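Peer 1: With chain A's structure known, arrange chains B and C on it following the hints.
Residue numbers (our numbering), protein chains in the order written: chain A, 1 to 324; chain B, 325 to 805; chain C, 806 to 1153.
If you're looking for bench data, these hints aren't it; they were derived computationally from the structure.
All values reported here derive from a predicted model rather than from experimental measurement.
Careful: at least some of the hints might be erroneous.
To be verified - When the alpha-carbon atoms are kept at most 20 Å apart in a straight line, the in silico DMTMM-like pairs for lysine to aspartate or glutamate are as follows:
id: 1; chain 1: B; residue 1: K386; chain 2: B; residue 2: E354
id: 2; chain 1: A; residue 1: K243; chain 2: A; residue 2: E277
id: 3; chain 1: B; residue 1: K352; chain 2: B; residue 2: E375
id: 4; chain 1: B; residue 1: K796; chain 2: B; residue 2: E602
id: 5; chain 1: B; residue 1: K796; chain 2: B; residue 2: D604
id: 6; chain 1: C; residue 1: K1041; chain 2: C; residue 2: E912
id: 7; chain 1: A; residue 1: K251; chain 2: B; residue 2: E493
id: 8; chain 1: B; residue 1: K616; chain 2: B; residue 2: D803
id: 9; chain 1: A; residue 1: K22; chain 2: C; residue 2: E957
id: 10; chain 1: A; residue 1: K179; chain 2: B; residue 2: E344
id: 11; chain 1: A; residue 1: K305; chain 2: B; residue 2: E802
id: 12; chain 1: A; residue 1: K251; chain 2: B; residue 2: E520
id: 13; chain 1: B; residue 1: K386; chain 2: B; residue 2: E362
id: 14; chain 1: A; residue 1: K179; chain 2: B; residue 2: E602
id: 15; chain 1: B; residue 1: K796; chain 2: B; residue 2: D639
id: 16; chain 1: C; residue 1: K1077; chain 2: C; residue 2: D1087
id: 17; chain 1: B; residue 1: K616; chain 2: B; residue 2: E802
id: 18; chain 1: A; residue 1: K22; chain 2: C; residue 2: D1148
id: 19; chain 1: C; residue 1: K1041; chain 2: C; residue 2: E846
id: 20; chain 1: B; residue 1: K621; chain 2: B; residue 2: E407
id: 21; chain 1: A; residue 1: K39; chain 2: B; residue 2: D373
id: 22; chain 1: C; residue 1: K1116; chain 2: C; residue 2: E846
id: 23; chain 1: A; residue 1: K39; chain 2: B; residue 2: E344
id: 24; chain 1: B; residue 1: K400; chain 2: B; residue 2: E354
id: 25; chain 1: A; residue 1: K22; chain 2: C; residue 2: E958
id: 26; chain 1: A; residue 1: K251; chain 2: B; residue 2: E356
id: 27; chain 1: B; residue 1: K386; chain 2: B; residue 2: E407
id: 28; chain 1: B; residue 1: K386; chain 2: B; residue 2: E375
id: 29; chain 1: A; residue 1: K243; chain 2: A; residue 2: E201
id: 30; chain 1: A; residue 1: K243; chain 2: A; residue 2: E220
id: 31; chain 1: A; residue 1: K243; chain 2: A; residue 2: D294
id: 32; chain 1: C; residue 1: K853; chain 2: C; residue 2: E1145
Next come the chains, spelled out residue by residue.
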Amino acid sequence: MAERTYLQAISDGLRQEMRRDKRVFVIGEDVGVYGGAFKVTLGFQEEFGAWRVIDAPLSETAIVGGCTGAALMGMRPVAEMQFADFVSCAWDHLVTVAAKQFYRAGTPVPMVVRLPSGGGFSGGPFHSQNPESSFAHIPGLKCVCPATPEDAKGLLATAIEDPNPVLYFEHKHLYRRLKAEVPEERYTIPFGEARTHRVGEDISVITWGAMVHTADEAAEELAKEDVSVEVVDLRTVMPWDRKAVLASVEKTSKVLVLHEDTRTGGFGAEIAATIAEEAFESLDAPVKRIAAPDSPVPFSPPLEKAFIPQVETVASGLRELAAY
Amino acid sequence: MATGTIIDVVMPQMGVSVSEGTIVKWLKSEGETIEADEALLEISTDKVDTEVPSPGTGVVAKILVHEGETVDVGTKLAEIAPEGAGPAVAEPEPAVEPEPAVEPELAPEPATAAAAAEADAPSSAESPGPAAPAAPAVPAETPAPAAAGDSSENGKSFVSPVVARIAAEHGVDVGTIQGTGQGGRVTKKDILAFIESGPAPAPAAPPEAAPTEAEPVAPAAPTEPSAQPTAPPVIANAQPQAAGTGETLEPMNAMRRGIAEHMRRSLDTAAHVTSAIEVDMSKVVAIREKLKASYQKDYGVNPTYLAFVGRAAVDTLHDYPWINGELRDDQIVTRNYVNLGIAVELADGKGLIVPVIKNAEGLNLLGLARSITDIAARARDKKLLPDDVQGGTFTITNPGGYGTFHGTPVISQPQAGILGTYALVKRPWVVQDALGNDVLAIRPIMNITLTYDHRLVDGALAGRFLHDVREKLQSWGEDRY
Amino acid sequence: MTIAREADPVAAEAELRNSGLDREDLLTVYRNMLLTRGIEERGHILYKQGKIPGSFYTGRGNEGAAVGIATAMGPDDVGAPLHRDMGVHITRGVEPWRIIANYMGKEDGPARGKDGNVHMADARLGLIAMVSHLPAMLPVAVGAALAFRIREESRVAIGWFGEGSAARGDAHEAMNLAGVRRLPMVFVCDNNQWAYSTPTHLGFATPNIADRARSYGFEGVVVDGTDVLAVYREAKRAIEKARSGGGPTLIECMTLRMEGHAVHDDAFYVPKDMFEEWAKHDPIERFRTWLKDYADLREQEEEEIAADLKKLLNEAIRRAEESPLPDPATVTEGVYAAPEDLDTPHHK
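So that you can see chain A by itself, here it is in the shape it has in the complex:
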């Protein structure tokens, strides 16, 4: 065990996989010489060489499409989008080729696309998004959203092993702010398995990514008011752990679905609809959602603070549910 930041855990995990499996290679912008915009691959090119840590031209399509081709040929590419926001340039390839290739042609595409996502530091509209819902919607793709250093490492190993295209959303605002004890050895965490971040009795919060910590802080406040809040960290958005969510709702009968992505059509809508459909008779209150409002991510701090769900907002929502 060692104390590692969220970023270090990802870096460690990636390095471990590259040492373990020669088929794994990294490609992205500024990942080689520069070590990655966020320094996730710092030192990698020195260790693995320029043909396993490839500095690509500014070409998300070529990067992602290239990974598809390489994966079809048996490699295990790990692409880095410099910001999750730029994946829109490669959306076509993910959705058109990568997602559908196994279905149509029986040839798996075992690739990973790492996506530094999320906001909270005045990154503005193009450096702060959480685009997981649009990809969770595409059959054939998997979406992973770790919230802790330990989960980040284990989920990355699983992602690289997975024979499907996996979008790995690493929340950049957690990179250096979270530290935890992380096992040094290799381990995997299965997809589609949620983790109860905090056990509670009165209300369930279903969430992922950085919002797990926001929910936790809000739960701490509510605990002082004698309301016991459970926080369920989905860890992966596609597939997502339906069973765990329904079990938690069964227990508390009051549920808040929380995500940093915008509200309309955010993945929380899918979860809320599923809860309403499958846990109707367990509900003691309407299924509540808290998410960012339907706007691009604003730049100015007061605007951004009004955009990203804050602890007070979540606590307020929890109080409403408690009183219902």
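Peer 2: Relative to the frame of chain A, chains B and C by itself:
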């Protein structure tokens, strides 16, 4: 920058994921002057080492973080005093408060169920009647799902899916449970606590409760805890709430719970409407004066106004079988007898009970007065038998003992009506003189109410009933008993 | 004025001997071209008979280009052909009955009914299934070449695209990356002069697509796409260059799309005289003539080949018709791969 106020120097954020920085070197010391944009210190972060330019011109007044220290982004590192600055007055931070989610407005509830709304102060009274002071139902601003049409109206009766399911699983009538949720609805916690603690015993003789027929009692609740299937064990009894400042807490006793349950259920069952009529009791007063002494001497019985009203009412009920009737499923039950319930206030004032005088139609004034005295005494002495509190077909309550002149009692289920009698008050009254002219007189006036179940009894019928009762009282003959 | 190199036509048999194709091989080339056309003609009829759902695309007039490139591929090379390149599938050895089954949406087509017409590929034969968003397969082919480069394998990837699709960013990004990294890649542009109804002068502003190659750091060559042996020669050159680390080449095969964009298009916008002119350059006819002249192709041989193919096609159609339609219950099967599925020939 600000004229005369201190300028703060803070740790900058050098990159989107950077959260802290380290002071490498101060390029100026306290007391030295510095120009705006001039390099003030060197810092080191995960991403980059850089110089920090001064945010203003002035003198380095205070250095707060020293070389080698690592602090979070945004931490104040130093203060710069512009030339001629006064004492440090920090610029008020522009308060950036994101609006938290709007708290649901707690609007007072418009009158809901008829009777309940008119909470005339309940005397702690005998009747099962004094309607619960209308707890303003909080309309949920989030629309109550499913059943709720107008949520504010349904606050009290909305049953959430999980509560419905648990109720069905345990055969519990949700209406028998007191709700602590929004609008008074029964929450999951409420019903689970209810099931766990077992139902309240009948408000009958406190010792021996459990008349299995359960008239004024929570119906159908499985009384044996053992009979419950695997109740969801997770939610334990509702966490006992701690008393707030200035508050004291005491548990409800069985009788209180029984009353509470019955009141709630009655209001939820019957469509309560109250009609009132003022009765000139002069004749009754006069006769009573005459009879008082002899009744006391010969029978040891006090002919109370209640006995007179009771006699008149029972007599009248003969002509109004529905008011003495009952709605049972889809059928109207009428009887050829009147079991008259009399609401009795218990000695400590903390409860009430309604013993029943069986076959009151066969009792004259004396008989009725006697029965009333007897059951009241037995009630206060806790000597009532289960049979004494069952089978009532109509009830009279007398909350007027404290001077109140009006009320809206709650019907004792499953009856169709309850008569309320109130204080006898001397009022100026318009009467006819010998010549038939209107003159003022002072008369003893008693307000009498009939609270009836409008599902069965309409206003006109109630009105006629009260009219007839009044007639009997106002024309009481000396020879009537 | 084009800046790409213009390939010489194939002049004499002697030149050909140097390329390594013996008579057998030549007849195989011929057969493959005939089979390509035969499948598409028969499929065309089946389509009009309502036996093939969806739409129907042919590469009539492109047989020489497709077969020519594919013949030059090594056994372990990989290609991502498009819908005018049925000749590539045939040359690599995809069984005709499975192609027709694919047209029909049957279980036994390479796409198992999940995708139709030429959106199919047999990975065991080194083929990658195309998508509709052209030229999306170019970055994918480049990715394959990248894998070969990383693993230092002497394999080559070939990516096809049409002159119309060259307008999309995928083409640029793919070629740019391939050029920057000198990947073992051959880009083949099927320039059949019409992108649906869009003529070339509305698609790009240079005389040839191959002109762009220089801006990506490699050579472009324009070749007569109806001259199968010229195509073969250029393909061989480019593939071997790539294999030996010389980087990519862009080969532009000039043809005319002899039918509409798809069967539902009658190509009214193509000038009649263009059709007439290019009909004279029918690749199969050209090659037959050449074979007669230089390879001693006899009439009897021709007839045997024709009869053989006819039988083959009849059999293929029969077998495809007998193949079952997929079970509706399997509609969501195969959305995600399981670890066991990683056992395809290329996932090593």
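Peer 1: Give a verdict on every hint.
Peer 2: How the hints compare with the structure:
{"no.": "1", "hint": "K386/B <-> E354/B", "result": "holds, 6 Å"}
{"no.": "2", "hint": "K243/A <-> E277/A", "result": "holds, 13 Å"}
{"no.": "3", "hint": "K352/B <-> E375/B", "result": "holds, 12 Å"}
{"no.": "4", "hint": "K796/B <-> E602/B", "result": "holds, 13 Å"}
{"no.": "5", "hint": "K796/B <-> D604/B", "result": "holds, 11 Å"}
{"no.": "6", "hint": "K1041/C <-> E912/C", "result": "violated, 36 Å"}
{"no.": "7", "hint": "K251/A <-> E493/B", "result": "holds, 16 Å"}
{"no.": "8", "hint": "K616/B <-> D803/B", "result": "holds, 15 Å"}
{"no.": "9", "hint": "K22/A <-> E957/C", "result": "holds, 12 Å"}
{"no.": "10", "hint": "K179/A <-> E344/B", "result": "holds, 13 Å"}
{"no.": "11", "hint": "K305/A <-> E802/B", "result": "violated, 86 Å"}
{"no.": "12", "hint": "K251/A <-> E520/B", "result": "holds, 17 Å"}
{"no.": "13", "hint": "K386/B <-> E362/B", "result": "holds, 17 Å"}
{"no.": "14", "hint": "K179/A <-> E602/B", "result": "violated, 80 Å"}
{"no.": "15", "hint": "K796/B <-> D639/B", "result": "holds, 9 Å"}
{"no.": "16", "hint": "K1077/C <-> D1087/C", "result": "holds, 16 Å"}
{"no.": "17", "hint": "K616/B <-> E802/B", "result": "holds, 13 Å"}
{"no.": "18", "hint": "K22/A <-> D1148/C", "result": "holds, 17 Å"}
{"no.": "19", "hint": "K1041/C <-> E846/C", "result": "violated, 29 Å"}
{"no.": "20", "hint": "K621/B <-> E407/B", "result": "violated, 106 Å"}
{"no.": "21", "hint": "K39/A <-> D373/B", "result": "holds, 15 Å"}
{"no.": "22", "hint": "K1116/C <-> E846/C", "result": "holds, 14 Å"}
{"no.": "23", "hint": "K39/A <-> E344/B", "result": "holds, 16 Å"}
{"no.": "24", "hint": "K400/B <-> E354/B", "result": "holds, 15 Å"}
{"no.": "25", "hint": "K22/A <-> E958/C", "result": "holds, 14 Å"}
{"no.": "26", "hint": "K251/A <-> E356/B", "result": "violated, 64 Å"}
{"no.": "27", "hint": "K386/B <-> E407/B", "result": "holds, 14 Å"}
{"no.": "28", "hint": "K386/B <-> E375/B", "result": "holds, 19 Å"}
{"no.": "29", "hint": "K243/A <-> E201/A", "result": "holds, 17 Å"}
{"no.": "30", "hint": "K243/A <-> E220/A", "result": "violated, 25 Å"}
{"no.": "31", "hint": "K243/A <-> D294/A", "result": "violated, 29 Å"}
{"no.": "32", "hint": "K853/C <-> E1145/C", "result": "violated, 41 Å"}
This entry does not satisfy hints 6, 11, 14, 19, 20, 26, 30, 31, 32, going by the numbered hints stated previously.
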